[in-house]
Amino acid sequence: MIAAQAGQSRAQAELLSLLAPRLRAFFGRRLGRRADDAEDLVQETLLAIHTKRSSYDPRQPFTPWLFAIARYRLIDHLRRVGRRLEGPLGDASEVLAEDNPEEGGVRRDVAKLLARLPGRQRALLRDVKLAGFSMEEAAGRAGMSVTAAKVSVHRSMRRLMGEVADEDR
Amino acid sequence: MKTVELIAALATAGAEPAPPRRPSHALAPAVAIGAVAAVVLVAVWLGVQPLSVAARASWFWIKVGYGLSMAAAGFVLAVSLARPQGRIRAAGLALAIAAAAAIWGAAVYVAMTSDGAPALWLGSSWKSCPIRIVVLALPILAGAALALRSLAPTQLRPAGAAAGLLAGGLSVVIYGLFCQETAVPFVALWYSLGILACVAIGAMAGPRLLRW
Numbered sequence: 068m069i070a071a072q073a074g075q076s077r078a079q080a081e082l083l084s085l086l087a088p089r090l091r092a093f094f095g096r097r098l099g100r101r102a103d104d105a106e107d108l109v110q111e112t113l114l115a116i117h118t119k120r121s122s123y124d125p126r127q128p129f130t131p132w133l134f135a136i137a138r139y140r141l142i143d144h145l146r147r148v149g150r151r152l153e154g155p156l157g158d159a160s161e162v163l164a165e166d167n168p169e170e171g172g173v174r175r176d177v178a179k180l181l182a183r184l185p186g187r188q189r190a191l192l193r194d195v196k197l198a199g200f201s202m203e204e205a206a207g208r209a210g211m212s213v214t215a216a217k218v219s220v221h222r223s224m225r226r227l228m229g230e231v232a233d234e235d236r
Numbered sequence: 454m455k456t457v458e459l460i461a462a463l464a465t466a467g468a469e470p471a472p473p474r475r476p477s478h479a480l481a482p483a484v485a486i487g488a489v490a491a492v493v494l495v496a497v498w499l500g501v502q503p504l505s506v507a508a509r510a511s512w513f514w515i516k517v518g519y520g521l522s523m524a525a526a527g528f529v530l531a532v533s534l535a536r537p538q539g540r541i542r543a544a545g546l547a548l549a550i551a552a553a554a555a556i557w558g559a560a561v562y563v564a565m566t567s568d569g570a571p572a573l574w575l576g577s578s579w580k581s582c583p584i585r586i587v588v589l590a591l592p593i594l595a596g597a598a599l600a601l602r603s604l605a606p607t608q609l610r611p612a613g614a615a616a617g618l619l620a621g622g623l624s625v626v627i628y629g630l631f632c633q634e635t636a637v638p639f640v641a642l643w644y645s646l647g648i649l650a651c652v653a654i655g656a657m658a659g660p661r662l663l664r665w
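Order-wise, the sequence lines are chains S and W. This note's numbering applies: residue 68 is where the first sequence begins, and numbers increase by one. This note's numbering applies: residue 454 is where the second sequence begins, and numbers increase by one.
Next up, chain S with everything else stripped away, as it sits in the complex (with noise of 0.2 Å):
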């Protein structure tokens, strides 16, 4: 950085394609499912980067001015897609990944789809493949053998792919 701002291009270029792909990272952790638009932003950082680079005092750390720059590019950003954030950035991949809107579908199509199985087979499906439980500890939870959990949570996945393809049919 320092020689870039000594107007050294070959430094500048090294630089710059150095940090393209971490602020892709940065952008696309943080953007979620809109990643079309973290290209976008890594091009306007670095331009930033660019025409601000007298902003940079060389005594004191790179990374933290870098990922000011790339923060206060997000959240400009952010501003101008309309989708109003306050409070640090931290939470902002979080607030995006709430609002996934695919997520909540599938989440609904689940449940839907759970419903539809008798209490006992429908807790130890979802004990298993929902909760993260292991075999043991979901047979141990419905009160059955291994066995029987294992053979019971077959026969739900194979009735429920069964409707499943019948209704797409």
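Hints listed in this document are in silico derivations from the structure and should not be mistaken for laboratory results. It is possible that some hints are incorrect.
Said to hold, decoys possible - Where chain W lies over chain S, by a calculated footprint (3+ residues, C-beta under 8 Å):
#: 1; region: 78 to 89
#: 2; region: 105 to 116
#: 3; region: 128 to 140
To be verified - Selected chain W positions facing chain S (in silico; Cβ < 8 Å):
#: 4; residue: Leu459
#: 5; residue: Leu463
#: 6; residue: Ala464
#: 7; residue: Thr465
#: 8; residue: Ala466
#: 9; residue: Glu469
#: 10; residue: Pro470
#: 11; residue: Ala471
#: 12; residue: Arg474
#: 13; residue: Leu604
#: 14; residue: Ala605
#: 15; residue: Thr607
Don't be surprised by glycine CBs; every beta carbon is placed ideally from N, CA and C.
Since chain S is already given, all that's left is putting chain W on it; use the hints.
Then chain W, alone, in the frame of chain S:
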């Protein structure tokens, strides 16, 4: 445009050196130009009182001291907020708070130890004083905003407020060239209100004025 192409283009453009720039070196001249404009404005619009008389009076220097302290606080804050990773410097805040506390302490003391307190607080120009301070601050605020935008502030609202404090503080000094109110309580109340209004304007306009 591909990112790779952009980098190549920027590297070519980057052949000009851009040495590190101190925010204070950009801010000070712009503010000075704004202040000169404000002095001309006060002379044309309101008129300047005979300074040879005023300069012998303590109230004149109290206004100068109060205004300059606030302006210095605003300058410190604006300079540190002019960089991307800028922080709100405690020193700047402390200076502004100390100046306000000093003038209010003096005002309350004066008001309590003399008769006719309402007159001390209201003077004869309280209705126009804060508004005039704001008007005189506008050219300074404009200069500060232009300078700040050419730097790289990322917290636009605090940066705008700091510019407002800087402009309001200087404006108070310049308004003091005209204003013949002599009571400290008057200064504490109405001058402070004028400065506060400048800070509020700066904070409100910051996100628009300083965007880059």
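Any hints this thing doesn't respect? Which numbers, in order?
Checked against the structure, no hint fails, so every one of them is satisfied.
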